[in-house]
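In the order they appear, the protein sequences are chains A, B, C and D. Position one of the first sequence corresponds to residue 1 (our numbering), numbered consecutively onward. Position one of the second sequence corresponds to residue 1001 (our numbering), numbered consecutively onward. Position one of the third sequence corresponds to residue 2001 (our numbering), numbered consecutively onward. Position one of the fourth sequence corresponds to residue 3001 (our numbering), numbered consecutively onward.
What the hints contain is simulated information worked out from the structure, not anything from laboratory work. Check the hints yourself; a few may be wrong.
Simulated restraints on C-beta separations [stated by the list, open to error]: (1) B/Thr1003 <-> D/Glu3107: 52 to 58 Å; (2) B/Ser1078 <-> D/Met3099: 17 to 23 Å; (3) D/Glu3107 <-> A/Glu83: 53 to 59 Å; (4) A/Asp101 <-> D/Thr3054: 41 to 47 Å.
So the derived list for chain D, only partly shown, Cβ under 8 Å to chain C, looks like this [what the hints assert, rightly or not]: (5) Ala3002; (6) Ala3005; (7) Glu3011; (8) Gly3017; (9) Ser3031; (10) Ser3035; (11) Asn3046; (12) Ile3057; (13) Asp3060; (14) Val3062; (15) Ile3066; (16) Ser3110.
All residues carry an ideal CB built from backbone N, CA and C; glycine is no exception.
4 protein chains.
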Amino acid sequence: MATDAQEACFEAGIKFGSLYHQFAGTPVSPSSARSLEAAMAESIENQPFCESVTVEIRDDRVADAIDHENGYTELTGSLMDVEMRIEREGVAVRTRMAMRDGYPLMEVVSVADD
Amino acid sequence: MATDAQEACFEAGIKFGSLYHQFAGTPVSPSSARSLEAAMAESIENQPFCESVTVEIRDDRVADAIDHENGYTELTGSLMDVEMRIEREGVAVRTRMAMRDGYPLMEVVSVADD
Amino acid sequence: MATDAQEACFEAGIKFGSLYHQFAGTPVSPSSARSLEAAMAESIENQPFCESVTVEIRDDRVADAIDHENGYTELTGSLMDVEMRIEREGVAVRTRMAMRDGYPLMEVVSVADD
Amino acid sequence: MATDAQEACFEAGIKFGSLYHQFAGTPVSPSSARSLEAAMAESIENQPFCESVTVEIRDDRVADAIDHENGYTELTGSLMDVEMRIEREGVAVRTRMAMRDGYPLMEVVSVADD
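Next comes chain A alone, as it looks inside the complex (with noise of 0.2 Å):
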């Protein structure tokens, strides 16, 4: 029904949904970062067609984000930069979250055929 390249669009969107929803809101502070963006990073790629994601959390950010004394705030996708390839029956497709208007957006960057 649908071409491998949609649904190759169709899987890179399930993996950023995915990563989004399992850990928005976690407890982050730049000390923990690092192993945060590892473990994002690492179980989304689990996931099938999933070649790689990068996931970067920004210190700057997390650093303004935090409001009160603890020390931490919620993981949000303003405070991260990510980006995926996925590849499915020979189309492979990047996709990015950046931020648009003070809003963080996913997107689709390119989708290749072989």
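Keeping the supplied structure of chain A fixed, place chains B, C and D upon it in accordance with the hints.
What follows is chains B, C and D alone, placed relative to chain A:
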């Protein structure tokens, strides 16, 4: 870069990954399944391009999954049927989650231009 | 090892952490807030020793938190008031989440033996 | 209203519920288990009064739970052992999650004043 149909499929995937990983692990019993179905559908329908979501938590499967004294289990993909309709730039995408070989599979049902 | 009252307070804490981290990040708008309140309360009431949960998502705060075109925000502690009653071995514990200095604080309201 | 020991037990419960419901449902395999253990421990250690958290995801149980072609499963309480140490106002609380009759039970191990 991506076609409108590919973008619509990406958006459809985001909604599915979001729904699954936001709510997986929620305590559920037959008596609380109706409110959870409603909350899952209405919360995901807030997301951009998401026209409709239907979630059916299968009470028979919930009952089978309750294996301890406490009378509840945790929500997983195998306990529910989900259908979604995404629409973006005139492209409508229908998706569903269905059991395939004992594993809940998210799939594209149709992609249709206006 | 622990007293009945201490055990009851431990159970009360579990319910609060569960509720918060299961549902934080859920897309929410004034029109979807009622179903989310019901699902949160009913799902956590499934847990052992949990007599009652009330969740009030504050529409005024949700409206203030919506800062982009899409018409929704993500659930955080600052958007809701929560009260719970736990009962275990004749000890009743009342807890609530309330805003304190701009930070949502979970607190024990009372611990009472039969 | 509550004693210092009761408050410490409440805090201990919050951490357990948080850890469980933040991370339940995360895709996990033996190769990604180490980074997930680290992220779980370090993120929850950010929370107030949380002195230490150790998470051991049991690779043998993960391997047994992988029942499909994709090579991963979703994190549940039965796949891990957790220990925590909470300290508040001079009261130290030790807690753990252990399997009891096939069900992962969170429990207080000890409550000790200075």
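Each hint tested on the structure:
no.: 1; hint: B/Thr1003 <-> D/Glu3107: 52 to 58 Å; in the structure: holds, 55 Å
no.: 2; hint: B/Ser1078 <-> D/Met3099: 17 to 23 Å; in the structure: holds, 22 Å
no.: 3; hint: D/Glu3107 <-> A/Glu83: 53 to 59 Å; in the structure: violated, 42 Å
no.: 4; hint: A/Asp101 <-> D/Thr3054: 41 to 47 Å; in the structure: holds, 42 Å
no.: 5; hint: Ala3002; in the structure: holds, 4 Å
no.: 6; hint: Ala3005; in the structure: holds, 6 Å
no.: 7; hint: Glu3011; in the structure: holds, 6 Å
no.: 8; hint: Gly3017; in the structure: holds, 3 Å
no.: 9; hint: Ser3031; in the structure: violated, 25 Å
no.: 10; hint: Ser3035; in the structure: violated, 19 Å
no.: 11; hint: Asn3046; in the structure: violated, 13 Å
no.: 12; hint: Ile3057; in the structure: violated, 18 Å
no.: 13; hint: Asp3060; in the structure: violated, 27 Å
no.: 14; hint: Val3062; in the structure: violated, 22 Å
no.: 15; hint: Ile3066; in the structure: violated, 24 Å
no.: 16; hint: Ser3110; in the structure: holds, 5 Å
In summary, the numbered hints that this structure violates are 3, 9, 10, 11, 12, 13, 14, 15.
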